[in-house]
Amino acid sequence: MNARDRALTPTREAVRAAPQFDVYLTRQIPVLVALSVIPGLGYILLGAIHDTIAAAAVWYGVMFAASLWGLQLYWRYHRAPMSPEQRIRWRVRLTAFLYLYVILWAAIFVIFVRLDAHNLHYIAIFTQIGATTVVAALLYPAPWVFRPLIPAMMVPLAGYFLLTGEWYGYVLSAFSLTLGIVLYYAANSAFGLLRDSLHQASHDALTGLNNRAAFIEHLEQTLEVLQYQGQHSFLLLIDLDHFKTVNDLLGHDIGDELLKSVTRDFANALPPGHHLARLGGDEFVIVAPGKENRKTCERAARRLARSLLQVVKAPYIIRNHHLHVSASIGIRLIDPAQPLNSHQLVREADIAMYEVKDRGRDGVVVFSKELSRAVERHLQIERCLHFALQNREIEVLFQPQVDASGRICSAETLIRWTSAELGAVSPAEFIPIAEQTGYISELGDAVISRAFQTLREWDQAGYHLKQLAINISPRQLVHLNFVHRMQELITRHLGREHAHRITLEVTEHVVAEDVDRVVHIMRSLRRMGLRFSMDDFGTGFSSLSYLKNLPFDELKIDRSFVQQVDQDSGDQAMVRTICDIARHFELEVVAEGVETEAQYHWLSAHGHLRFQGYLFARPMNADQFLEYAGASEPAGAAAVGDSRR
1105 MNARDRALTP TREAVRAAPQ FDVYLTRQIP VLVALSVIPG LGYILLGAIH DTIAAAAVWY
1165 GVMFAASLWG LQLYWRYHRA PMSPEQRIRW RVRLTAFLYL YVILWAAIFV IFVRLDAHNL
1225 HYIAIFTQIG ATTVVAALLY PAPWVFRPLI PAMMVPLAGY FLLTGEWYGY VLSAFSLTLG
1285 IVLYYAANSA FGLLRDSLHQ ASHDALTGLN NRAAFIEHLE QTLEVLQYQG QHSFLLLIDL
1345 DHFKTVNDLL GHDIGDELLK SVTRDFANAL PPGHHLARLG GDEFVIVAPG KENRKTCERA
1405 ARRLARSLLQ VVKAPYIIRN HHLHVSASIG IRLIDPAQPL NSHQLVREAD IAMYEVKDRG
1465 RDGVVVFSKE LSRAVERHLQ IERCLHFALQ NREIEVLFQP QVDASGRICS AETLIRWTSA
1525 ELGAVSPAEF IPIAEQTGYI SELGDAVISR AFQTLREWDQ AGYHLKQLAI NISPRQLVHL
1585 NFVHRMQELI TRHLGREHAH RITLEVTEHV VAEDVDRVVH IMRSLRRMGL RFSMDDFGTG
1645 FSSLSYLKNL PFDELKIDRS FVQQVDQDSG DQAMVRTICD IARHFELEVV AEGVETEAQY
1705 HWLSAHGHLR FQGYLFARPM NADQFLEYAG ASEPAGAAAV GDSRR
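Residues 1105 to 1749, numbered by my numbering, are exactly what the sequence shown covers, in order.
Hints are not guaranteed to be accurate.
As the list claims (entries may be wrong) - In the BS3-like style, the derived pairs of lysine-lysine whose C-alpha atoms are separated by at most 25 Å in a straight line are:
#	residue 1	residue 2
1	Lys-1461	Lys-1417
2	Lys-1473	Lys-1395
3	Lys-1461	Lys-1348
Hints in this document: simulated from the structure, not taken from any laboratory. In this text, all values refer to a predicted model and were calculated from it rather than measured experimentally.
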């Protein structure tokens, strides 16, 4: 290393220093100023007594000016947020201040060590030792300061002792060097402990990236800079798709190797200035440097997100396992005009990421106000739904199903929720949320129990309904306790001899579960006497193999095929096909959503069906249903049109 490189080494170390050390160094500035300005007055007094007032006064004046500079650096650090470039310039100035501080204390040593006739050299000696101790004790977070300066301060002191020519001078010189080594070792050890503790507290042990806590701190500083400078930025939250499958099938050691490989690829793909961190598990987050406007920012965010999706799709070969990975990325644009905090930004990027999951994974979604409102609505429904049963807000209704003559032969159990806080909430909105949260089991049990009680009450009132259909969600069906729970409810409310009057309606989505398990559960329930209906047939995973293997008794034609069945040839062909399939498998057929006479007459002419819809009756409570059923007996085909409400 040449002389120029040696001169620049402290500055280079200061530039490369971690921002966390700035906090520690800044705290030392007021302490150093206090240790300079107040004791410095004593040196002026000693200088006045021993005819060195001019030198002491000049020294104190320079020290006072340096102290003001130090306080200005302290105020600059706390006054306004700094960009990375501004922080580097500030750290270089702080380094210059610290060097000047030490040099000034070395100067007072030179001034007073010459005055041995007045024994002031003792004060100079202890001043030099004290200044070196201060450097070791207070400036250990800045190794680029204490590493060159501790030797530079103790070597002249040792040399002074050698120049005395006395035997004790050699001893004191050795003691001085020993003290310098001890102070250097103590400062270096303290710095190592501080560095290691900061690294452990702020970095992920597996990938070496910043962890959640460190990222949040970095993001808060970034937000301050962005707002101060009026710049835009963006946040990417990345979640690896199906990573849990890798851990479950191949083990966590393979999963850990995969995470390290993905981390390396992400880091290599990032443009300069982007900060990558691991939030935990298989979630990563990136914050970008400031951009001039929102449009530029969004283009850059989408471009980077798409490039990362391509990067992660490259096959990973880990211990002879070929792993193919995709990712879901949520983008949160950062607008300096919006008062946001770091936790809110991460949460909203997370919302956008989960929207990608809902849309099928392996994609990118930008967080928006519409998405925010949808999520807020989702959370409100989730919160209120848990109190819906307790507050008696769930109402069980029944909609008649009629045969070709218009006679009521069965009914479907439906539920409606009128929340005290949200008002009427559609089943299409709250049922999926109940399934996601697992609340569907508790809700479903309550509905089934109420349906069984109603069927028994109708029997006691003298009205014997042939069939009562109850909707069962796929998650509810495959619940570990479902079969046992159904057996309990049948025993308590109906009796085994009436179980055959219950039809459980499941959608085609049930085949998305473990088919073998679904078959086992359905057959167990079938042995109790329960019947099964495939709801919304033709809209999902329709397959003849499922009809062959699963014990269904009827098919329900989805309302989407019924709405235009009297006019649309495609819908007509679909309905004919479903009726042919039903005849082949000896299944009954129900057409739901029948609302017009034209629909009813076309369906009547093309199959032996049962009908359900507003043309006949709207869903009604148990008492209304009993009254309606009594009033419509006997009901012929001519009465069908008159029963519309």
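Task: Violated hints, by number in ascending order, as checked against the structure - done: The structure breaks none of the hints.
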